[in-house]
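Q: Chains B, S, Z and W supply the protein sequences, listed in that same order. Heads up: the first sequence begins at 1 in this note's numbering, then just goes up one per residue. Heads up: the second sequence begins at 146 in this note's numbering, then just goes up one per residue. Heads up: the third sequence begins at 291 in this note's numbering, then just goes up one per residue. Heads up: the fourth sequence begins at 436 in this note's numbering, then just goes up one per residue.
Read the hints as simulated data drawn from the structure, not as lab findings. For clarity, every value in this text was computed on a predicted model and none was experimentally measured. Any given hint could turn out to be false.
[As the list claims (entries may be wrong)] No farther apart than 25 Å at their CA atoms in a straight line, the calculated lysine-lysine pairs in the DSS-like style are these:
#: 1; chain 1: W; residue 1: 537; chain 2: Z; residue 2: 317
#: 2; chain 1: Z; residue 1: 401; chain 2: B; residue 2: 132
#: 3; chain 1: S; residue 1: 256; chain 2: B; residue 2: 27
#: 4; chain 1: B; residue 1: 111; chain 2: Z; residue 2: 389
#: 5; chain 1: W; residue 1: 462; chain 2: W; residue 2: 539
#: 6; chain 1: B; residue 1: 102; chain 2: Z; residue 2: 400
Okay, here's what each chain looks like letter by letter:
Number of protein chains: 4
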Amino acid sequence: MTSQFVPRDSGYHKKVTNSFQEQAVMKTVNASIVSVVPGETILEFPFQPSLTQQNGFIHAGIVSTVLDSACGYAAFSLMSEGAAVLSIEFKVNLLSPAKGDKFKAIGRVKKAGRNITVTEGELFSYTDGKEKLVATMTATMMAVY
Amino acid sequence: MTSQFVPRDSGYHKKVTNSFQEQAVMKTVNASIVSVVPGETILEFPFQPSLTQQNGFIHAGIVSTVLDSACGYAAFSLMSEGAAVLSIEFKVNLLSPAKGDKFKAIGRVKKAGRNITVTEGELFSYTDGKEKLVATMTATMMAVY
Amino acid sequence: MTSQFVPRDSGYHKKVTNSFQEQAVMKTVNASIVSVVPGETILEFPFQPSLTQQNGFIHAGIVSTVLDSACGYAAFSLMSEGAAVLSIEFKVNLLSPAKGDKFKAIGRVKKAGRNITVTEGELFSYTDGKEKLVATMTATMMAVY
Amino acid sequence: MTSQFVPRDSGYHKKVTNSFQEQAVMKTVNASIVSVVPGETILEFPFQPSLTQQNGFIHAGIVSTVLDSACGYAAFSLMSEGAAVLSIEFKVNLLSPAKGDKFKAIGRVKKAGRNITVTEGELFSYTDGKEKLVATMTATMMAVY
Numbered sequence: 001m002t003s004q005f006v007p008r009d010s011g012y013h014k015k016v017t018n019s020f021q022e023q024a025v026m027k028t029v030n031a032s033i034v035s036v037v038p039g040e041t042i043l044e045f046p047f048q049p050s051l052t053q054q055n056g057f058i059h060a061g062i063v064s065t066v067l068d069s070a071c072g073y074a075a076f077s078l079m080s081e082g083a084a085v086l087s088i089e090f091k092v093n094l095l096s097p098a099k100g101d102k103f104k105a106i107g108r109v110k111k112a113g114r115n116i117t118v119t120e121g122e123l124f125s126y127t128d129g130k131e132k133l134v135a136t137m138t139a140t141m142m143a144v145y
Numbered sequence: 146m147t148s149q150f151v152p153r154d155s156g157y158h159k160k161v162t163n164s165f166q167e168q169a170v171m172k173t174v175n176a177s178i179v180s181v182v183p184g185e186t187i188l189e190f191p192f193q194p195s196l197t198q199q200n201g202f203i204h205a206g207i208v209s210t211v212l213d214s215a216c217g218y219a220a221f222s223l224m225s226e227g228a229a230v231l232s233i234e235f236k237v238n239l240l241s242p243a244k245g246d247k248f249k250a251i252g253r254v255k256k257a258g259r260n261i262t263v264t265e266g267e268l269f270s271y272t273d274g275k276e277k278l279v280a281t282m283t284a285t286m287m288a289v290y
Numbered sequence: 291m292t293s294q295f296v297p298r299d300s301g302y303h304k305k306v307t308n309s310f311q312e313q314a315v316m317k318t319v320n321a322s323i324v325s326v327v328p329g330e331t332i333l334e335f336p337f338q339p340s341l342t343q344q345n346g347f348i349h350a351g352i353v354s355t356v357l358d359s360a361c362g363y364a365a366f367s368l369m370s371e372g373a374a375v376l377s378i379e380f381k382v383n384l385l386s387p388a389k390g391d392k393f394k395a396i397g398r399v400k401k402a403g404r405n406i407t408v409t410e411g412e413l414f415s416y417t418d419g420k421e422k423l424v425a426t427m428t429a430t431m432m433a434v435y
Numbered sequence: 436m437t438s439q440f441v442p443r444d445s446g447y448h449k450k451v452t453n454s455f456q457e458q459a460v461m462k463t464v465n466a467s468i469v470s471v472v473p474g475e476t477i478l479e480f481p482f483q484p485s486l487t488q489q490n491g492f493i494h495a496g497i498v499s500t501v502l503d504s505a506c507g508y509a510a511f512s513l514m515s516e517g518a519a520v521l522s523i524e525f526k527v528n529l530l531s532p533a534k535g536d537k538f539k540a541i542g543r544v545k546k547a548g549r550n551i552t553v554t555e556g557e558l559f560s561y562t563d564g565k566e567k568l569v570a571t572m573t574a575t576m577m578a579v580y
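Let the sequences and hints guide you as you build the complete structure.
A: Right, here's the structure in full:
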């Protein structure tokens with residue numbers, strides 16, 4: 001895959017996958033990395049009854065969990081070596097019920113700065129292979145040196 | 146406890162606790178209800194290593210999960226009998242790392258309407274009994290008839 | 291221009307332009323319509339010293355004013371005849387200082403529903419013809435019948 | 436008035452009022468300062484037909500303009516001497532139509548940090564002296580050194 005961004009840290013792929021493996025909550029939601037390119041991270045996770053709200057859909061907060069990680073790692077992939085990434089704030093819009101067999105979260109950098117990086121995320125559901133947009137996120141990430 | 150709101154549904158307490166028990170994700174995060182009054186719901190949950198991000202803090206998405214439920218039930222407590230509650234969108238600001246022994250999420254109604262209810266949430270951490278504000282949420286909830 | 295959306299109201303263009311002309315604040319900021327297609331509205335306005343903040347850039351609230359109108363009219367273009375449009379909430383991220391000769395705001399529908407429509411906006415600056423992304427908006431619009 | 440915050444810059448009042456006077460848009464909306472204390476700024480402005488949307492209410496973007504200035508100056512009042520203040524992002528919820536004789540915007544610091552300050556704002560309308568909550572804002576401000 002190609003990317004419009006040039007990473008400042010050539011070890012961007014390794015640092016993202018290492019950090020992802022240290023997020024215990026990613027195991028709890030059973031998420032895995034689909035791809036990491038400079039400025040974009042894609043994660044996926046299957047439906048799990050243990051993550052549902054009262055109607056049997058994935059809870060909006062779990063949707064946010066995977067979107068936040070996807071957006072955070074998209075930002076992290078462009079940060080300098082030695083910087084850590086921190087979510088300052090995010091906003092989520094819930095467009096459709098989070099039901100389906102599996103879910104994919106795409107996080108992308110909209111504007112990368114030395115301190116502040118703005119990212120956008122989309123979460124899709126897959127039901128019998130049919131894709132549907134479930135939620136969008138805008139998240140502000142900070143580099144901590 | 147007293148409340149500035151008069152519930153339209155006298156069964157507000159029962160419907161909130163019933164719905165809460167149907168949210169499987171609340172068991173996964175080990176959350177429990179502290180109180181439900183008209184227009185306000187308080188939830189709490191203990192620290193769990195399975196919910197952490199790469200630094201060992203509770204993941205921002207899990208913080209959002211409990212805040213969203215607290216805000217949603219605050220809104221739900223004021224809705225008419227037969228209405229269901231749906232999160233349209235929320236915004237979370239992360240003020241301090243989510244570390245501590247336990248966490249408390251307070252959801253409150255800011256403006257209740259027939260269709261749209263705006264809520265605000267605060268999540269506090271407790272470390273050796275010391276309280277700290279970790280995150281705030283503004284969430285828009287919709288009544289579905 | 292083509293659009294992925296089919297308008298429910300064939301008079302969508304006229305109702306948007308009529309409503310735009312009734313927004314007195316659009317005259318104050320000297321905004322004009324560039325285009326209206328189903329699900330998308332583009333507005334533009336020139337730099338004006340009367341709209342600036344302390345550094346001589348266009349104030350973030352004025353950026354929001356034009357973005358909100360662009361997003362609102364994008365949503366309105368897809369609404370049924372007789373419905374009015376109302377902004378419920380929006381979030382703005384400010385990516386670059388709003389300086390330049392003129393500015394263009396694009397509002398687009400992300401998800402159109404009968405009651406709730408989610409929109410996204412982008413505001414660009416133009417300095418000697420050079421385009422730069424200044425701000426993004428996510429706005430939730432409601433149809434009032 | 437008292438405040439829970441201790442300003443790092445004893446000249447906080449003067450720097451806020453000076454900067455406010457340099458915001459030309461504040462003259463356009465006819466806003467004035469009601470009070471500046473450490474961590475809180477209150478502004479007010481009268482109804483003006485030139486600031487209205489299609490129903491004759493003050494446009495949501497103008498509401499945001501005054502709220503953003505109130506929140507920004509609340510943050511600025513706590514910043515070190517020599518720091519400038521920058522809005523990174525804000526979210527506005529619109530609770531009631533912005534109609535009335537005059538409007539008051541209160542901006543308050545929720546969490547002050549060296550780099551990032553989180554603020555909350557409320558805008559009230561006054562009609563024949565009767566107060567009504569029109570809109571809320573959460574805004575993230577950055578200190579630029």
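Q: Any hints this thing doesn't respect? Which numbers, in order?
A: Of the numbered hints, just 3 does not hold.
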